[in-house]
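Listed below, chain by chain, are the residues.
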Amino acid sequence: MASIDAAAAPATSETLARTREQIRRRDALKRTGLLTPALLIIVVFGIFPLFIVLFYSFLEAGAYGGVEWKFSIDAYVTFLFNRDLFDPSILHFSPSYLQIFARSFIVAGIATVICLLVGFPAAYFMATRPAKTRNLWLFLVTLPFWTNLLVRSFAMMLIIRDQGLINGFLMWIGAIQQPIVMLYTPFAVALGLLYAFLPFMVLPLYASLEKIDFRLVEAGFDLYATRGQVLRRIIIPLSRPGIIAGCILVFIPGLGAYITPALLGGGRDLMIGNLIAQQFGGSRNWPFGSAMALILMAVVLVFLMIYASVTGRQKVGHG
Amino acid sequence: MAELAPPPPFIASRRQRRMLDLTYQPGFRGVAYFCLFMLYAPIVVLVIYSFNANPSVTIWTEFGTNWYVKVAANQYIQNAAITSLKIAVVATIGATIAATAAALATTRTLPYRGLGTAYVIINLPLMVPEIVTAVATLSFFAMGRTLLGIDLGLANLMLAHMVFCIPFAYLPIRARLEDMDRTLEQAAADLYASPWHAFRRITLPLLTPGIVAGAMLAFITSIDDVTITTLVAGPGQTTLPIYIFGQIRRGITPETNAASTIMLAVSVLLVSLFFFLAQRRKK
Amino acid sequence: MRKGLIGGLVGVTVAFAALTLAGCGEKKEEQSSSSTSTTESSSTASSSTTSTTTTGTTTDSGASSSSTTSTPSTTQQAAAPEGGELHIYNWGNYTNPELIKKFEATYKVKVTLDDYDSNETMLAKIKGGATGYDIVVPSDYMVAVMIKEGLLEETKPNSMENFKNVDPRWVDVYWDKGRNYTVPWQWGTTAFTVNTDVYKGDVNTYKLIFDPPPELQGRINMLDDMNEVINAGLRYLNLPRCNKNPEDLKKLTDLLMGAKKYWRTFDYATIQKLTSKDVDLSQQWNGASMRVRLQMPSMVYAYPKEGLTGWMDNVAVLKGAPNIENAKKFQNFVMDPENAALVSNFAHYANGIAGSEKFMDKDMAAAPEIVMPASAPAPEFLPPCDEDTVKLYNAIWTELKK
Chain A
1 MASIDAAAAP
11 ATSETLARTR
21 EQIRRRDALK
31 RTGLLTPALL
41 IIVVFGIFPL
51 FIVLFYSFLE
61 AGAYGGVEWK
71 FSIDAYVTFL
81 FNRDLFDPSI
91 LHFSPSYLQI
101 FARSFIVAGI
111 ATVICLLVGF
121 PAAYFMATRP
131 AKTRNLWLFL
141 VTLPFWTNLL
151 VRSFAMMLII
161 RDQGLINGFL
171 MWIGAIQQPI
181 VMLYTPFAVA
191 LGLLYAFLPF
201 MVLPLYASLE
211 KIDFRLVEAG
221 FDLYATRGQV
231 LRRIIIPLSR
241 PGIIAGCILV
251 FIPGLGAYIT
261 PALLGGGRDL
271 MIGNLIAQQF
281 GGSRNWPFGS
291 AMALILMAVV
301 LVFLMIYASV
311 TGRQKVGHG
Chain B
1 MAELAPPPPF
11 IASRRQRRML
21 DLTYQPGFRG
31 VAYFCLFMLY
41 APIVVLVIYS
51 FNANPSVTIW
61 TEFGTNWYVK
71 VAANQYIQNA
81 AITSLKIAVV
91 ATIGATIAAT
101 AAALATTRTL
111 PYRGLGTAYV
121 IINLPLMVPE
131 IVTAVATLSF
141 FAMGRTLLGI
151 DLGLANLMLA
161 HMVFCIPFAY
171 LPIRARLEDM
181 DRTLEQAAAD
191 LYASPWHAFR
201 RITLPLLTPG
211 IVAGAMLAFI
221 TSIDDVTITT
231 LVAGPGQTTL
241 PIYIFGQIRR
251 GITPETNAAS
261 TIMLAVSVLL
271 VSLFFFLAQR
281 RKK
Chain C
1 MRKGLIGGLV
11 GVTVAFAALT
21 LAGCGEKKEE
31 QSSSSTSTTE
41 SSSTASSSTT
51 STTTTGTTTD
61 SGASSSSTTS
71 TPSTTQQAAA
81 PEGGELHIYN
91 WGNYTNPELI
101 KKFEATYKVK
111 VTLDDYDSNE
121 TMLAKIKGGA
131 TGYDIVVPSD
141 YMVAVMIKEG
151 LLEETKPNSM
161 ENFKNVDPRW
171 VDVYWDKGRN
181 YTVPWQWGTT
191 AFTVNTDVYK
201 GDVNTYKLIF
211 DPPPELQGRI
221 NMLDDMNEVI
231 NAGLRYLNLP
241 RCNKNPEDLK
251 KLTDLLMGAK
261 KYWRTFDYAT
271 IQKLTSKDVD
281 LSQQWNGASM
291 RVRLQMPSMV
301 YAYPKEGLTG
311 WMDNVAVLKG
321 APNIENAKKF
331 QNFVMDPENA
341 ALVSNFAHYA
351 NGIAGSEKFM
361 DKDMAAAPEI
371 VMPASAPAPE
381 FLPPCDEDTV
391 KLYNAIWTEL
401 KK
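Residue numbers (this note's numbering), protein chains in the order written: chain A, 1 to 319; chain B, 1 to 283; chain C, 1 to 402.
Treat each hint with caution, since some may be false.
As the list claims (entries may be wrong) - Output of the computed footprint for chain C on chain B, the stretches with three or more beta carbons under 8 Å from beta carbons of chain C:
(1) 32–38
(2) 134–144
(3) 200–214
(4) 241–247
As the list claims (entries may be wrong) - Subject to a maximum C-alpha distance of 30 Å in a straight line, what follows is the list of computed DSSO-like cross-link-like pairs (lysine-lysine):
(5) C:Lys319 / C:Lys156
(6) C:Lys177 / C:Lys358
(7) C:Lys156 / C:Lys177
(8) C:Lys207 / C:Lys391
(9) C:Lys148 / A:Lys70
(10) B:Lys70 / C:Lys102
(11) A:Lys70 / C:Lys244
(12) C:Lys319 / A:Lys70
(13) A:Lys132 / A:Lys211
(14) C:Lys362 / B:Lys70
(15) C:Lys329 / B:Lys70
(16) C:Lys177 / C:Lys164
(17) C:Lys101 / C:Lys200
(18) B:Lys70 / C:Lys244
(19) C:Lys261 / C:Lys277
(20) A:Lys70 / C:Lys391
(21) B:Lys70 / C:Lys101
(22) C:Lys101 / C:Lys329
(23) C:Lys101 / C:Lys156
(24) C:Lys277 / B:Lys70
(25) C:Lys101 / B:Lys86
(26) C:Lys305 / C:Lys277
For the record, the hints were derived by calculation from the structure and aren't laboratory data. Heads up, the beta-carbon is just placed ideally off N, CA and C, and yes, glycines get one too.
Let's have the full structure, built from the sequences with the hints guiding it.
See the structure below:
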């Protein structure tokens, strides 16, 4: 017996190492294979085109749109500085574009918070229904979004405008004398964004909440926790991936959203989205549009990378 | 000794039932119904106004079905709707498959070289403002056309849509996958299941709500996209959002309401059919 | 194991195969619909989808000329286009479907119609790369831009059969002297419309926009168009257009910033804004104004004494278009008075073709929006400004809207 062990011992550690190596390589191959479709599509059709934009941002604007193939960092300079009207060689620091960026960030942030506050309870309720009803709810929540957003926005305007349905009803029952001004206000913009982005918050939250093991909740109750405590300390932390996914899906597209805010807010204020779109349109300054887009991306990228390394790392739980 | 009457049956009042329900949270039901109300109010208005006889989308005069007649005769709007659906369905299927695979590869693993980069690449289309993607994709395809002579027809649009649909499908799936413990799959492996078998029978069913959520998000993103589609579409490839958007400056009529109502009715029918069949199969 | 890798590759291949088939399915549809006809038409279809190189045009002219000389055999099937195809790219809701049907029937051509929402979108798309469209309908200043950039085909409408119908004042225009490239489609003016139930005074001045009376304050909509807003300001201040003068621009900026508080919205959807009573005064195109008046008779289109913008949309052929011969036929077709009237009756604007009045709807012949009163100033057709001016205007616009 001892001789067998003695013979086996050195061989075991080697084979162990080799097997480990094999497993690692196999895993790497499997990962690569799984990642390939997504990465391939995005790299070829998403990233190569972006390099074009990167080039554009360092070129000169063509006279009537398009670009001249001459190097220039004018686009980036224009973002922060204005040439003086009377003497073009003087640069003034101009906060206009930064203001517009800031406004978009704030609006997107508020939209995200509101979506979260409204979407979380809704998603939770949906996720805790019995199985058949759950699917029905899912369907009900998504169905409105199969209608075109523009048409729905017009319908919403019809409801909240001064001569619209809400005001009409309130005045008819005599509750108010003058119409409540709802349209073309920040309230309307928030409502519009909530309306447009609600499913992007609700669906990831639902996916995450649905798998919560309610035995944990039961355990919490056994330990004399109140419902609020259970919510705060068990349910919300367990649904954190969903919350973060939902916030990303609302905040980032919300930064670039401009059609709905312009429609419901009256178009008086520029957001990043229409500022950039304008550069490719009437303002005929493609390099500047490209530069602003890249700056926007850079800011968002930083946040995303932080998120990736934080969450990707820890979830190796074994139940 | 007289027999004791059996105790009266315990019929819980609604409040008692609520208190016994583990999942109950006060006010959440109300918020959920409010959401539904808010989501459907404009839809109801939209449908009602599609029966508005006069050409204004905002003033109601009288009931009339003339707009539905117009839609039936208007081949442009019909083609636009069908093109939208074609693109959305293909893009959704492609994006969901790719996103599921990508989510499996990037979650629940020890960090490996390239994980962060892969994550960033997958989410990159989210971060780029639409107009920029639009111009970039247009230039890219134009280059492909003139330099290599490749023109994929409608597939151009489908691929462009797939690019931005992938992150929308990826994030819910990932959210679902994180925290999903591996004990079940390990148990399957202990029982001699191959990895593919374990995936198909265990992981995939557990992941289904996430995949469905992701697919729905991808679908609604694709079917509503205006900016990218406007610039990348070629002749005869007008989609419904482009058609509607192009009408803003010259006046939108209830015809668009009628078309939207029809599309809504068709989607309801299709999904109901799907559910009905799914229920039948379960039996 | 390797299954993961293989699975991934299989998935990709399947996806791509499905895509290309779907995409090819589209192409095949176009091909089959146009090649139900005679001989060379198959090469017509393939050349129109592969690229917009000039080789396509020679085979096209061959195919279409052969079909016009030979009698079409399949006259019952309207979908049998022996004459080839035509791809039109126009503003949304601007092309009369009856006009298209008539053209298709007359020349046995299959027409596709796509929409854009602004000149700038169209230009960005054309500049971005080859697109496969034959006909676009740019506004006057955009025609000037596109000719300068070499984007339009010189089709010489002035040598076409119907050219004699073009009203002489639209022949030597600043954007296309002598009409070597384009043909008039619709023309109009841009000023503003006032609800005379709310404001009873004289409407013909920009003072209502920049220094409004109390009943109009906060009830004004401006077009979301940099040039229209700035030009309105320049007219009110009696300063020249395409202005680079720093002092003038300073005055303009102050005027605009001061007036912004009286403006409720910036939006192109002017018809809705007025009919739903969100605003009582809106910058607007004359045809849209007429549509509003037909729904609300108290609406009056103003002809401000300081001046107003004139514009004309023109039918142009893109350089290197796949179906140039058919495009030329379309240009000729639109110059016919009866067809021009079809366009006008649908879009509610004047066209530039003499003799079309007798075919147009009666309510357009008498409308003050379409037929300018003698007291109104002549509309200004403004060429595009140079890039320095555009940069300055941009800065002002951003300042206004930030």
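Structure-based check of all given hints:
Closer than 8 Å: that is the beta-carbon criterion, and the region 32–38 of chain B has 0 residues meeting it against chain C, so the requirement of 3 is violated. Counting residues of the region 134–144 of chain B whose C-beta sits closer than 8 Å to any C-beta of chain C gives 6, which meets the bar of three, so the coverage hint holds. Only residues whose C-beta sits within less than 8 Å of a C-beta in chain C count toward coverage, and the region 200–214 of chain B has 0 of them, not enough to reach three; the restraint is violated. Three residues within the 8 Å Cβ limit are the bar, and the region 241–247 of chain B against chain C gives 5, so the coverage statement holds.
Taking the CA atoms of lysine 319 of chain C and lysine 156 of chain C, the gap is near 13 Å; set against the 30 Å cutoff, the hint holds. The straight-line distance between the Cα atoms of lysine 177 of chain C and lysine 358 of chain C is roughly 28 Å, inside the 30 Å bound, and the hint therefore holds. Pair hint lysine 156 of chain C plus lysine 177 of chain C holds up; C-alpha atoms about 11 Å apart against a cutoff of 30 Å. With a C-alpha separation of about 27 Å, the suggested pairing of lysine 207 of chain C with lysine 391 of chain C holds against the 30 Å cut-off.
With a CA separation close to 20 Å, the supplied pair lysine 148 of chain C and lysine 70 of chain A stays within the 30 Å bound. Pair hint lysine 70 of chain B plus lysine 102 of chain C holds up; C-alpha atoms about 19 Å apart against a cutoff of 30 Å. For the hint pairing lysine 70 of chain A with lysine 244 of chain C, the CA-to-CA distance comes to about 25 Å; that is within 30 Å, so the pair holds. In summary, the hint linking lysine 319 of chain C to lysine 70 of chain A is supported, as the alpha carbons are separated by about 26 Å, within the 30 Å threshold.
Only pairs whose Cα atoms come within 30 Å are accepted, and lysine 132 of chain A paired with lysine 211 of chain A is accepted, the gap being roughly 16 Å. The hinted pair formed by lysine 362 of chain C and lysine 70 of chain B meets the criterion: a straight-line CA distance of about 24 Å does not exceed 30 Å. Simply put, lysine 329 of chain C and lysine 70 of chain B have alpha-carbon atoms about 29 Å apart, close enough for the 30 Å limit, and the pair holds. A threshold of 30 Å between alpha carbons decides the hint, and for lysine 177 of chain C with lysine 164 of chain C the separation of about 16 Å falls inside it, so the pair holds.
Between lysine 101 of chain C and lysine 200 of chain C the alpha-carbon distance is near 46 Å, which puts this suggested pair outside the 30 Å criterion. Distance restraint check for lysine 70 of chain B and lysine 244 of chain C: the Cα-Cα separation of roughly 50 Å exceeds the 30 Å cut-off, and the hinted pair is therefore not satisfied. Between lysine 261 of chain C and lysine 277 of chain C the alpha-carbon distance is near 19 Å, which keeps this suggested pair within the 30 Å criterion. A threshold of 30 Å between alpha carbons decides the hint, and for lysine 70 of chain A with lysine 391 of chain C the separation of about 18 Å falls inside it, so the pair holds.
For the proposed pair lysine 70 of chain B and lysine 101 of chain C, the alpha carbon gap of about 16 Å is at most 30 Å, so the pair holds. Using a Cα cut-off of 30 Å, the hinted pair lysine 101 of chain C and lysine 329 of chain C holds, with the two alpha carbons roughly 14 Å apart. The straight-line distance between the Cα atoms of lysine 101 of chain C and lysine 156 of chain C is roughly 25 Å, inside the 30 Å bound, and the hint therefore holds. A hinted pair counts as satisfied when its Cα atoms are at most 30 Å apart, and lysine 277 of chain C with lysine 70 of chain B qualifies at roughly 27 Å.
Distance check on the hinted pair: lysine 101 of chain C and lysine 86 of chain B sit about 26 Å apart at the alpha-carbon level, within 30 Å; holds. Taken as a hint, the lysine 305 of chain C and lysine 277 of chain C pair is honoured in the structure, with Cα atoms around 26 Å apart against an allowance of 30 Å.
Checked against the numbered hints above, the structure breaks hints 1, 3, 17, 18 and satisfies the rest.
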